[in-house]
Amino acid sequence: MSAAPLFTPPARDPSRSFQDMILTLHDFWSAHAGCVILQPYDMRMGAGTFHTATTLRALGPEPWNAAFVQPCRRPTDGRYGENPNRLQHYYQYQVILKPSPSDIQELYLKSLAAIGIDPLAHDIRFVEDDWESPTLGAWGLGWEVWCDGMEVTQFTYFQQMGGFDCKPVAGELTYGLERLAMYIQGVDNVYDLAFNSAGVTYGEVFLENERQMSKWNFEVANTDALFDLFAKAEAECRNALAAGVPIAAYEQAVEASHVFNLLQARGVISVQERASYMGRVRDLARSSCEAYAEKMTPEWQAKYPGWSLV
Amino acid sequence: MADFLLELRCEEIPARMQAGARVELEKLFRKQLDADGISAEDLTIWSTPRRLALIARGLPLETEATSVEVKGPRVGAPDQAINGFLGRYLAKQEELVERNGIYFLERLAAGRPISRVLQEAVETLVRDFSWPKSMRWGEASVSTDSLRWVRPLSGIVALLDGDVLECDVPGVPVGRETYGHRFHSSGPIVLHHADKAHYLSLLAAEKVIVDHDSRAAIIREGAAKVAADAGLMLVADEGLVIENAGLTEWPVPLLGRFDEGFLDVPPEVIQLTARVNQKYFVCEDAQGKLANAFVCTANIAPIDAAVVVDGNRKVLAARLSDARFFWEQDQKTPLAEHAKKLARITFHEKLGTVADKVERVALMARGLCEEGVVAGDPDLAEQAARLAKADLVTEMVGEFPELQGLMGGYYAAKEGLPQEVAEAIRDHYKPVGQGDDVPTAPLSVAVSLADKLDTIACFFAIDEAPTGSKDPFALRRAALGVIRLIVENDLRVSLKGLITCAWSYAAFVDMVNEIRRLQSGTTGPLLLSHVGRLQPHLGFAAKSDLVSYRQVDGKVDNWSFSAMPWHQIANSIAPTIDPAPVIGFFLDRLKVQQREAGVRHDLIDAVFALGGEHNLVRLLARVHALQAFVTTEDGANLLAGYKRAANILKKEDWRGIEGEISLTGEEDPLSGVDDPDLAPVIAAKMAERHAAAEHLSYTPEPAEKALIDALDAAAPRAAEAVAAERFSDAMAALATLRAPIDRFFEEVTVNAEEANKRAARLTLLARFRDAVHRVADFSRIEG
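If you read the sequences in order, they're chains A and B. Using my numbering, read the first sequence as starting at 1 and increasing by one per residue. Using my numbering, read the second sequence as starting at 1 and increasing by one per residue.
Think of the hints as simulated: they come from the structure by calculation, not from any bench. Warning: the hint list may mix true and false statements.
Chain A stretches covered by chain B per the calculated footprint, using a threshold of three residues with CB under 8 Å from any CB of chain B [claimed, not checked]:
1) 146–155
2) 251–261
As a list, the in silico DSS-like pairs of lysine-lysine whose alpha-carbon atoms are at most 25 Å apart [stated by the list, open to error]:
3) K110(A) <-> K591(B)
4) K414(B) <-> K215(A)
5) K650(B) <-> K496(B)
6) K430(B) <-> K414(B)
7) K496(B) <-> K591(B)
Some chain B residues judged to face chain A by a derived CB distance under 10 Å, without partners named [unchecked claim]:
8) E11
9) S130
10) S134
11) V150
12) P152
13) S154
14) D168
15) P170
16) R182
17) T297
18) G435
19) R484
20) I708
Every residue, glycine too, gets a C-beta built ideally from N, C-alpha and C.
Can you make the complete structure from the sequences, with help from the hints?
Structure representation (structure tokens):
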């Protein structure tokens, strides 16, 4: 008697289900480039790039291939659920490949084909768009990828991170999942997206969240408490740095960055103060990256003789 | 002869960098050939987003043999060393040439085969290629010394006639295989020889049009055609043509429609949204109105064009929704309210906020109307100036800075402000470039002039004048704008007066700010006066009853301005800065601008050097008349006569009758001038001399008499004509002097032996010189 499989996964339907699109991307990257499929970082952050799997792992000589979904918080983009495209919370799909493989563009295009985008039916274009994050002391060259005129992915070759040259360079792909799904499903309003194949929509999952969180971001959040949180995160970052645990310090920098975004949304930071707060966040993030790179360097050099941080 | 094909394939090159890359490729390749003393009969460079290609035809098979001097041992070195050297070069002792104690040997280096030259050329140019931004990639990037390129360099084709050129570019395969269109072609294409037609046709078969000009033509003509097919006219945009040609290997223009409802948004906004964000063309209907259509350029021959068009339509709709949102949102706040936010924007750290600038410009725009420089309503001019910068803080201008002014004009019109106010807001940045129209409506002229003059005057006041190629605040462009506004609108106004005025207003606004700070108990630097030049003089203002305030415990608690109009208060503040450098700056700009119109810069100097002419319109009229005159035969001869007269006067050190005072015999010629006892004596002597000069003490020679008569007639005529601004008449008067002066020089000896004749003749020449001088300083005229 042969053992019947307990479970056979159903065929994915990425063109009619948001979650199937994500699962297809997981399947794809899991099967390519030896990627580890990670879960989201459990902190509020403005972009997938802040995930330590991207920032910190872009440093150092070791190969690193990972893919994950990262929920992103952009408090000022909230529209109380009334705008068909803008959300204060949305998902990015990140792929980081280090060193950047020579067929990275082909791999990326295959992943688009896997979720149902035929490049002979749709006009795919690589349009210059370089990336820079002063906060992270990072920059890279690349493109925004257009599908019939719509930006669906940010494609970057990291050249520097935390103020250090990337040795080697990592390729980073950031897919805008909602946009991509809206395109594939032919939907004009994000809340009309089919979340799964069983009739649940994106609106059912997130519309009420958008309403309440927009209100909280713009109107309710206690600004004294936020200023306090910012100061505490800043202090804790310094504390962690002093104690030689730069990953913990980095988390506090991420926290401070998000609290700053909330303060922005509450409109309590003047133009003059804005630059100063950004400078403080930048200082935390860069110090953490630097401390991490410096802490890891002996280990990296042991594994890769001749490699140097600078 | 040999032909060479080089193709450098990489991931998508930014469209804006491709033209520069073609130039760079050609430059580096030619440089390599030049270094070997060879050249190609014909060089072609092409680019697509994914490749740079070069085809060189008619290359020599090898370089010329060259003579090389080899350095040997020094003279007197041991025989062993000398023989060793000779042996190495198979040379004989007598071939050695001795120079500076060292032996040299002439040797002929054989020509190098072209393959070697090209190999080096390829390796060098890949290494030395300069991109605006370049990057590292892949495994090799573990070292920062790895190859850099604009995006990863993926492969090279290098064919010398039919053979693959051997060359080594680290990590990049070199061969005869290339690739076609990213989606329409698969697998490598094998190239057999370095031939244009072969290369173009094989790639075209794989849907790559290598020649960028051909792609541009397809887009230009194709876009126009799809528009015409829809009964529309494409709005031509060559920049977009080039950009789309740089984004595609197989361009396919497609026309789509957007919701007509968006046409409520100003057409400039729609065009800019389509152009900047999406790189689409727009179209017009038969009446020249913007149509609800766009043309996008796909990089594929799509299975179903409608699908691609529909996707693009959706993206454009989302963009236009944003634009419409801004358009509607901005209108919810009146411009006057928007303008308040300008107090938060720094114009320049030493010049205050944009609100401060607006204050200055408003005063000046009003002043220009009240003084009658511009025939506009002062209240409306001030209103327009106060609102002119308000659109800078609107959402729309935040998104599209190039719409500044234009949006303000639209919003003003929507608010129901007077049409001329809306137009002045819209046009006050004009003229922006050389080809740009100059405003002619009085309010627009007033605000535009005030805005630019304020910028120039204030930056000069804080020592931020342009130097060399550095002009960070675009003052040269502003000055050119001022010149064109004045000249093209025939504004009879003194430039010096305008600049002084701008400083007065600046000082005044400073003063008002200071009073406000005193009133609120805050402190802050005076913006302009802290450089120590503009003194707004709070005390002065109070003394002159312009303002009154009371100070209690060091705090001002009550202040008020007099009932005088503000601009009059401002006018009564005299700035202490020397306007000469600003005037000089304007004069230089004027010369540059007029040079293009064929006006000689030396003639501008000749008129300006007379001093006191700060009215540009009058100055130019005089310059034009002068130019017309000096290019005639009479003019050229008169100029020669003038120079001769001036030279004689200079050589004789003739200082006129007063100058002859030194003949008293005193060592210091002026020693007696201030002596009260001597004064009447000197005065009497001078009167005698003047009388003598008027009535010659001898009978003049005929030529001398003729010049005197001609001068008596011409000098007052010329002076009168200048005063009446009839400059051609002034020149005509001068022309009558030409024959007499020529004759005078031919027939009369100036340096006569008799002192009275010499003095009279020198005086006559000085009179001639001065008469000419009253029209223009001929000594500044070249030739």
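The hints, checked one at a time:
Here the segment 146–155 of chain A counts 4 residues with a CB under 8 Å from a CB of chain B, which clears the bar of 3, and the coverage holds. Figure legend: the segment 251–261 of chain A, annotated as covered by chain B; annotation inconsistent (0 residues with Cβ-Cβ distances under 8 Å, at least 3 required). The suggested pairing of K110(A) with K591(B) is violated, with an alpha-carbon distance near 62 Å, which exceeds 25 Å. A threshold of 25 Å between alpha carbons decides the hint, and for K414(B) with K215(A) the separation of about 32 Å lies outside it, so the pair is violated.
Note on K650(B) and K496(B): the hinted pairing is violated, with a Cα-Cα distance of about 32 Å set against a maximum of 25 Å. Simply put, K430(B) and K414(B) have alpha-carbon atoms about 22 Å apart, close enough for the 25 Å limit, and the pair holds. Simply put, K496(B) and K591(B) have alpha-carbon atoms about 17 Å apart, close enough for the 25 Å limit, and the pair holds. The beta carbon of E11(B) is positioned within 10 Å of a beta carbon in chain A (closest approach about 6 Å), and the interface hint is therefore held.
Nearest Cβ of chain A to the Cβ of S130(B): about 15 Å, over the 10 Å cut. The hint is violated. A distance limit of 10 Å between C-beta atoms decides the matter here; for S134(B) the minimum to chain A is near 8 Å, and the interface restraint holds. Because the closest C-beta pair between V150(B) and chain A is about 8 Å apart, less than 10 Å, the hint holds. Proximity of P152(B) to chain A holds as hinted, the smallest CB-CB distance being about 7 Å (cut-off 10 Å).
For S154(B), the interface hint holds, since its Cβ comes within 10 Å of a Cβ in chain A; the closest pair sits about 7 Å apart. Hint status for D168(B) relative to chain A: violated, with the closest Cβ pair at about 18 Å, above 10 Å. Because the closest C-beta pair between P170(B) and chain A is about 13 Å apart, greater than 10 Å, the hint is violated. With a least beta-carbon distance of about 8 Å to chain A, the hint placing R182(B) at the interface is held under the 10 Å criterion.
With a cut of 10 Å, the hint placing T297(B) at the interface with chain A holds, because the nearest CB-to-CB distance is about 9 Å. The beta carbon of G435(B) is not positioned within 10 Å of any beta carbon in chain A (closest approach about 29 Å), and the interface hint is therefore violated. The beta carbon of R484(B) is not positioned within 10 Å of any beta carbon in chain A (closest approach about 35 Å), and the interface hint is therefore violated. Of the supplied interface hints, the one on I708(B) is violated, with its beta-carbon coming no nearer than about 76 Å to a beta-carbon of chain A, more than 10 Å.
Of the numbered hints stated above, those contradicted by the structure are hints 2, 3, 4, 5, 9, 14, 15, 18, 19, 20, listed in ascending order.
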